[in-house]
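Undergrad: Under my numbering, the first residue of the first sequence carries the number 32, and numbering increases by one thereafter.
Derived by calculation from the structure, the hints in this document are not laboratory data.
A portion of the hints provided could be inaccurate.
[As the list claims (entries may be wrong)] Restraint ranges, calculated between C-beta atoms of paired labels, are given here:
(1) Q88 with K328: 15 to 25 Å
(2) G126 with Q209: 26 to 36 Å
(3) W245 with N414: 53 to 63 Å
(4) P51 with L408: 12 to 22 Å
(5) Q88 with N414: 42 to 52 Å
(6) S132 with T283: 51 to 61 Å
Just so it is clear, the structure is predicted and the values come from calculations on it, not from any experiment.
No residue lacks a Cβ here, since even glycine has one placed at the ideal position from N, Cα and C.
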Amino acid sequence: MIGIIDCNSFYCSCERLFLPALQHAPVVVLSNNDGCIVSRSDEAKQVGVAMGVPYFQAKQLIEQKGVHTFSSNYNLYGDLSWRVMETLRQLLPAGAVEVYSVDECFVTLDHIATDQLTAFSIHLKDTVEQWTGIKVSIGVATTKVLSKVANRLAKKNKAATNCIMVLDSPESIAEALQRTAVEDIWGIGRQYAEKLRKYNINTAFDLRSMPAAWVQKNLGGIVGQRLLRELNGIPSIEMKDPLINKKMIATTRMFGKNVTSKEQIKEAIATYITRAAEKLRRQQSAASVIYVFVIPKQEHQGGKFRHGNSVGGYVHLPHATASTHQLIKPAVALAAQLYQEGCVYKKAGVILSNIVPDESVQGNLFADKIPQQNRLLMHTIDNINFAMRNDIIQFATAGTKRNWKMRQELRSPRYTSRWEELREVQ
DNA sequence: TCTGGGGTCCTAGGACCC
DNA sequence: TCTGGGGTCCTAGGACCC
32 MIGIIDCNSF
42 YCSCERLFLP
52 ALQHAPVVVL
62 SNNDGCIVSR
72 SDEAKQVGVA
82 MGVPYFQAKQ
92 LIEQKGVHTF
102 SSNYNLYGDL
112 SWRVMETLRQ
122 LLPAGAVEVY
132 SVDECFVTLD
142 HIATDQLTAF
152 SIHLKDTVEQ
162 WTGIKVSIGV
172 ATTKVLSKVA
182 NRLAKKNKAA
192 TNCIMVLDSP
202 ESIAEALQRT
212 AVEDIWGIGR
222 QYAEKLRKYN
232 INTAFDLRSM
242 PAAWVQKNLG
252 GIVGQRLLRE
262 LNGIPSIEMK
272 DPLINKKMIA
282 TTRMFGKNVT
292 SKEQIKEAIA
302 TYITRAAEKL
312 RRQQSAASVI
322 YVFVIPKQEH
332 QGGKFRHGNS
342 VGGYVHLPHA
352 TASTHQLIKP
362 AVALAAQLYQ
372 EGCVYKKAGV
382 ILSNIVPDES
392 VQGNLFADKI
402 PQQNRLLMHT
412 IDNINFAMRN
422 DIIQFATAGT
432 KRNWKMRQEL
442 RSPRYTSRWE
452 ELREVQ
């Protein structure tokens with residue numbers, strides 16, 4: 032059997048952990064740049080704050096209902112996420128935990144007898160809560176998709192389920208599928224949901240009984256096939272090896288305010304490349320393709336919000352590298368090419384791809400030899416930046432003023448990862 | 001006035017090969 | 001006037017996830 036373990040309102044729970052007075056208060060956390068609402072406590076949901084709406088639209092309701100608001104604090108969430116996952120790794124056999132996102136993981140439970148699954152799930156949930164202070168919900172079934180169905184229902188009916196649901200009989204599975212709308216199935220997004228509704232397929236139960244050929248034709252070929260098999264209890268989405276490295280690494284940001292000068296664009300791209308290269312080195316990889324893009328401000332024409340069209344371009348490097356300064360130069364040159372005088376920019380980003388393991392970087396017959404002393408230099412900079420604070424050492428291209436940086440006006444202290452921001456108790 | 005960031009997988013279609 | 005078949009590789013873009 033497979034379980035999915037999911038932290039309840041994760042970002043909000045992290046914020047509350049250090050402010051116990053907010054334990055039962057409505058809380059929301061905003062996306063980067065204080066743009067949208069990305070996490071809500073149950074109390075915030077109850078007073079009617081919707082998920083994903085722009086902050087400025089929800090602001091009035093938030094103030095009126097006394098909802099506590101935080102900018103996102105990824106240092107804090109990342110650290111607490113690690114603690115939750117580490118706790119689970121200690122409670123389960125080696126290799127049984129697949130971290131799926133910052134607040135979720137799949138676990139294999141094949142070593143637990145079927146009639147013990149509920150008791151064991153309670154044990155996992157209680158231990159995580161006791162060791163980390165974070166509450167989780169657990170769904171268990173024969174496939175990933177079905178465990179997601181179980182998890183969602185458990186979380187929706189906390190009082191009745193104690194946040195745990197095990198689907199271990201054909202009857203319980205059928206009932207759960209009947210209670211799940213198509214758009215709530217893992218793998219069905221807006222487009223597919225709309226299509227399914229048109230064919231009068233409204234619940235997961237309806238979808239499960241569709242013929243394979245129909246699903247193949249209408250739901251993205253083999254993606255749909257896999258989903259259908261999973262709904263029918265046949266495992267078709269494998270557990271992933273957590274050690275597999277990323278195939279692309281992106282760093283992209285909205286600007287805190289409108290950006291118009293070429294210098295600012297170049298600074299931003301240099302800063303993003305620095306971040307992306309750090310991520311690259313952390314997984315001991317090197318990249319040989321750099322994609323750089325900028326997004327101009329969209330002309331306002333009423334109706335639905337959308338970004339302007341992204342303007343971007345590639346550079347293929349002669350050999351893969353993880354050195355910031357080897358990446359920065361071509362990236363900034365490309366940014367300068369993309370820049371257009373008189374244009375107002377809202378967002379920019381870099382994506383590194385063609386990623387290979389660092390030790391097996393292919394030599395290039397026609398390019399100069401790779402200077403090896405870079406690696407030691409980069410390693411030293413990473414260590415100093417990690418231990419002291421971000422960017423105590425940085426490349427000059429990245430700028431010193433950075434007046435384009437994102438807004439984060441409501442960020443809580445990084446309680447668990449910075450000495451100078453430790454929680455103080457009088 | 002103000003709308004996030006970072007990923008994965010798959011498909012279709014073009015270029016190119018013999 | 002007549003113009004094949006089969007395959008691979010690459011890229012752009014779509015759909016999805018949290």
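Undergrad: Now, for every hint given, state plainly whether the structure supports it.
TA: A quick look at each hint next to the structure:
1. Q88 with K328: 15 to 25 Å: holds, 19 Å
2. G126 with Q209: 26 to 36 Å: holds, 35 Å
3. W245 with N414: 53 to 63 Å: This hint holds: roughly 56 Å between Cβ atoms.
4. P51 with L408: 12 to 22 Å: violated, 45 Å
5. Q88 with N414: 42 to 52 Å: holds, 43 Å
6. S132 with T283: 51 to 61 Å: violated, 18 Å
Violated hints for the displayed structure, listed by number in ascending order: 4 and 6.
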